[in-house]
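There are 2 protein chains.
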Amino acid sequence: MSARKAVGARVPRLDAHGKVTGRAVFGADFALPGMLHGKILRSTEPHARLVSIDVARAAALSGVRAVITARDVPEVRYGGALKDETAFATDRVRYVGQPVAAVAATTPEAAEAALAAIDVRYEPLPAVLDAEAAMAPGAPLVHEGWAGYAAIPLLHRDGNVCNRARIIAGDVERGFEEADRIFEHRFTTGMVHQGYTEPRAAVASWDTAGAVTVWSNTQLPFEVQNTLAEILQLPPSKIRVIVTAIGGGFGGKLRVGVEHFAAFLARRTGRPVKVMTSTEEELTAAYPRQGTIIDLKTAVTRDGRIVAKQGRIVFDTGAFAGSGPGVASVATLVLAGPYRIPNLFIEGYAVYTNKTNCGSYRAPSGPQANFACESQMDMIADTLGLDPLELRLRNIVHEGDEGPTGQVLTGVGLEECLRKAAAAIGWQERKPGPWRGKGLACGWWTTTGGSSGVYVKLHPDGSIALNTGAAEIGSAALTGAAQILADELGVDVADITIVAADTLATPFDFGAQGSRTTFAVGNACRIAAADLRAQLFRLAGAQLGVAEESLDLRDRHVVADGKRVALADLARLSNQAGGGLIAHGAFVAPPTPHDAKRVEAHVYPAFHSPSFHAHAVDLSVDPDTGDVTLHRYVVAQDVGRAINPTYIEGQIEGGVTQGLGQALSEEIVYRDGRVLNPNLTDYKMPTTLDVPPIESILVEHPSALGPHGAKGVGEPPNIEPPAAVANAIAVATGVRVTSLPITAEKIALALVDGVPERA
Amino acid sequence: MSARKAVGARVPRLDAHGKVTGRAVFGADFALPGMLHGKILRSTEPHARLVSIDVARAAALSGVRAVITARDVPEVRYGGALKDETAFATDRVRYVGQPVAAVAATTPEAAEAALAAIDVRYEPLPAVLDAEAAMAPGAPLVHEGWAGYAAIPLLHRDGNVCNRARIIAGDVERGFEEADRIFEHRFTTGMVHQGYTEPRAAVASWDTAGAVTVWSNTQLPFEVQNTLAEILQLPPSKIRVIVTAIGGGFGGKLRVGVEHFAAFLARRTGRPVKVMTSTEEELTAAYPRQGTIIDLKTAVTRDGRIVAKQGRIVFDTGAFAGSGPGVASVATLVLAGPYRIPNLFIEGYAVYTNKTNCGSYRAPSGPQANFACESQMDMIADTLGLDPLELRLRNIVHEGDEGPTGQVLTGVGLEECLRKAAAAIGWQERKPGPWRGKGLACGWWTTTGGSSGVYVKLHPDGSIALNTGAAEIGSAALTGAAQILADELGVDVADITIVAADTLATPFDFGAQGSRTTFAVGNACRIAAADLRAQLFRLAGAQLGVAEESLDLRDRHVVADGKRVALADLARLSNQAGGGLIAHGAFVAPPTPHDAKRVEAHVYPAFHSPSFHAHAVDLSVDPDTGDVTLHRYVVAQDVGRAINPTYIEGQIEGGVTQGLGQALSEEIVYRDGRVLNPNLTDYKMPTTLDVPPIESILVEHPSALGPHGAKGVGEPPNIEPPAAVANAIAVATGVRVTSLPITAEKIALALVDGVPERA
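So the sequences go chain by chain: W and D.
For what it's worth, the working numbering labels the leading residue of the first sequence as 1, then goes sequentially.
For what it's worth, the working numbering labels the leading residue of the second sequence as 1001, then goes sequentially.
Chain W extracted, bound-state conformation:
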């Protein structure tokens, strides 16, 4: 192994230039000659029978090249774990925003005009608009035919419940009996949007052999390829997905959204077609984070040891299952928390309602479940008269402990995170003044598994080309993988050129999701590099007359005591007479061993290479308006090994900012099945002025499997802000708000009502 120079260094990201200069071509920018513009007509009813669609007037308008509905596309139900979706509504509509028809026209304006000219008649049906009500016996069914839908076998389904995942450990009832105190609370959270700055956009173009190329700003080209194959009824090899630059994803660009409409319209018209969403579409018909209803019943001893925990988190997943079944599964691990609790009974429900189909948002279920778990920890501490930090320290997991589902935890840096975050925020002075308070929250999260393959080759100048199927979604995760590769091959990061995320030209990758990219692509790079090193040493050994074992790679040279040969020379040699130097590497994270008896209907039964983190915030509340001013924010995150501190800090700052929005202001507000705030004036994301200084403390307890010990770092910063903020507000004001977002209005009303924290 050569000396590491890149891993751990603050090297500039490889995708920076194009993005800061505006030359990067995003999905929203991408265009082809002769391209048409597609638009989607969406349901105006939350639940209704679709009586008729008359497209004749629209089709006759100037510039309109195609108008299509369910009648014009294959009858297919598609989806991930559960196949309940159709491209267009067929006999009925199930949410306001559901696609009903699509048009392609020569200009976006002509397409808009065509939408307005389509005549749709609905016959309203009773709608299910509350997840808890949806679970009640006799509730109207969002999908009357749900039992007939194909699904992966492990799901537990029942009526509007599209999955119920459970963790059952020990005997929770006996735990309750043996405890000194039992705490029961309910928490609720609203639906929130990922807030990516670039709308979803795709361009589709068919060739005459019946294959289609789709340029999309998706996070998951291979997922889109496979889903399009289902929807279009084609073999995946007939579908090439090429990822453009991406203006933010955060889980909102995992699933097919606009690509299939672009493909349908392009096939119909014989021209390339672009489909791009509007802000209104984003806020009514995208894949937002699910609203939840969470009930927690936690039993503790007098001295603050948790002996039993019963929890239920209900996800309002909207009209289609989407990510819901998996999110309900992950949630139970977050809700149990990073604590040693002998008796657990935790349930996660994904429930259909007549709302938009929810999806995945950076640490899906994390902020909601952690908000409940960590709010309640403070509520328990306050009642027991314990310092909330102390209560956590008495219960948190340490090296070698078991997780909720029986996995043996290693690389556990939680105590260090808690102590460092507390120290940095000045925890000894939790309430520095009137209407001011500090809050703390901790948590854990998974590094998503799945496979990543890479091709690696030497350029003629001895620099390296890396082919990866993973997209760069703005996290600089591919720069991280390049850092790992650079050190393996004794080159600089700037010596690596990346081609990424093309289902034809690059190897399969499970995709830029779940904080996995640097981890998995980095590991694949190490495997490929080992092969390439061996080839280089074979060539260089012969050149230098030195045994291969004594060779090393450094500064773009193969070196051995005093002798060296440049990679550029070896590249030229091999191109001329060695077959070109290329290698491949494929990595898949192994399953995490756990106690299978403890889990039911779990898509993700354990946390792979888990990360641990603690957040702390210092804030003030205006007692008259309830307005919150954030003074400082501290994150201590166990990243295993900081491959690039700068971009991890960037992830922390971005994730915390999004978390603060969810904590304080963001919510997609529904009334009668309609979104009241589908615009960026009324949907309130934090601006730079709302965000306090954020301090990042990187803690390093290595993962056994991660490259150089690295763990996933992208999602965790999004998890704890709501709980930390809620806990600080409680300290500052003496009132506890148990529903997200904790708007100024809620605080002010709580203060007016004089609701004490322990009411």
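If you're looking for bench data, these hints aren't it; they were derived computationally from the structure.
Since this is a predicted model, take the numbers as computed values, not measurements.
Check the hints yourself; a few may be wrong.
[Stated by the list, open to error] Quick list of in silico lysine-lysine cross-link-like pairs, BS3-like style, CA-CA up to 27 Å:
| # | chain 1 | residue 1 | chain 2 | residue 2 |
| --- | --- | --- | --- | --- |
| 1 | D | Lys1005 | W | Lys238 |
| 2 | W | Lys238 | D | Lys1019 |
| 3 | D | Lys1563 | D | Lys1005 |
| 4 | W | Lys19 | D | Lys1238 |
| 5 | D | Lys1597 | D | Lys1297 |
| 6 | W | Lys5 | D | Lys1238 |
[Unchecked claim] Away from chain D, derived, C-beta distances all over 12 Å, residues of chain W:
| # | residue |
| --- | --- |
| 7 | Thr44 |
| 8 | Glu112 |
| 9 | Asp119 |
| 10 | Pro124 |
| 11 | Glu173 |
| 12 | Arg174 |
| 13 | Ile182 |
| 14 | Pro342 |
| 15 | Trp427 |
| 16 | Gln428 |
| 17 | Gly545 |
| 18 | Gly562 |
| 19 | Val669 |
| 20 | Thr688 |
| 21 | Val691 |
| 22 | Leu751 |
All C-beta atoms in this analysis are idealised placements derived from N, C-alpha and C, irrespective of residue type, glycine included.
Starting from the structure of chain W, add chain D where the hints point.
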């Protein structure tokens, strides 16, 4: 090994759809938003001092964005074996057509107007316009500073001679002394253009990080990448070359032609720039086949055994060396011919003149040298009173014989080719009537070596993606490679999707040249497939509970007695839990052993996996006009193994057609250093009406190294037509024309002059 289905079958080519429907995007079609159009101002003098260039008026014209000259680009001399070229003429111009300045403008018309507004002043110098004169002592030097130019060490240079390559075997003088008869003849051939239907075209676009992407219809993306790196003074990794569809190349699109101008202009303007040649530029300033002067002195015994051969072929390579040094080297092997000759002294010269820089054209040197060799064989046979077929049969090489440079020949199908071609043309009746005759010629050719790498992966549907750095130049050679891969993996050829010829996304490849693509890429595919098979068998063995050794691949399944599992299932399994199934393979043809003492200054000292061929033609001559009517044409070609008979027949038909053009009508005519016929009216390529029925006979004497025994097939059909036609004309008319093209005018004049064949 699974049963072969694709190899040997007439499967449709994978690139057919786009080409027959017009949807393929050729270099001439490729466009980017905001693109400018570049044009090149070219010298009007064959040799002159460049006194001044005034671009002020041009730069001020409407729509003009940049005007550049040598002053605006790095001072670099670049080139292959010899670095004598500059992007623009500097202190002097050396041929009519040499770039002097370039402009970029918003429209092609504005760019043309700008060219017309550039004021260039020349001071004429004495020009060298004849290659033989150029070699004479005291001849003006095309490059006075030639000795200071960098060159690969093996070249033998002297004044205007930029390489002299020799084969010296035995003792040619003693051979002459011992022989019964000695024949001395001179042959000449004209300069000819490759006649590709699409002009050279490239679009360059820079990013803000100082890297450039070039879309080009080049045959050699990696060669263009490396040459651009020299010219632009950048590391090759900063240059990405992506090959568009190509409308014919035939060796004319091997070298940088327009790419560097596009890159310069794009860098200067900050906009993408396209540069495309006109027909006039193609016929005055491209890379045509060199005209030659050939002297042959051949000694034979009374019974027709060749005992000694002395030959000299002089290539007029134009103002820069280009491919000349290598072509002069190859030529000696062709001139020696596929004959057992104990004493050889063969020289090839590449000589500078003040003409356009010549290049490579399908079997470079082949038609010229073979025309001399095989014309003389007939002249010798006639003098000896032998049947020309019989003379050849007495001298040709057989299995195990040595070639001219001492290589041991294997897979030698020459006798079979000669006998089959003769039989098919009806050789027993060589002169079926007055003014009608049949001619025969045979030859041999190399399969160019060099390295090819491939990446191979499974698509989710179990079909295969093949990444290759080789471009599909229209020969269907990549379909051939895909046939080989398909059989290795038990899939259909239609199950293979190809991504090709992108210096970033695909592995290094020596390129689509020298009849090597199916051979080398096919071999790389076999290596990659072996790896992929092993991975598939490991997965499938575990799935089926069967030993890996007993598994096979068939019909997109892994099979073992009665059990089977689909590749699609293995792909899904591996994508989820096996790291994705990917592999790589790299192949390089080993050097061909030969007697190094027999060669001097040889870039190509032996023929790798040589092919053998015989052509026969039946034609009539109009005694009044000299006009030739071709009745039938037969090719018997030893292809080693016919991977796809249909596309080999296509290669034969295309190559023969080009060869007939060179035989009868094509020539770039120079007078006083200026081309007299720079247009497609006066440069006469054969049309469909000029081409007789061509019959292909595929002979299979396998190459030991080729995939399934295949040899290179693309270039050979271009070699023998001039000789076969010349020999047939001699039989039909009794007069022998020894200069190409054998125009009707030359025949008619020979008949008027009454020049007898043995004059």
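field: Hints breached by this structure
entry: none
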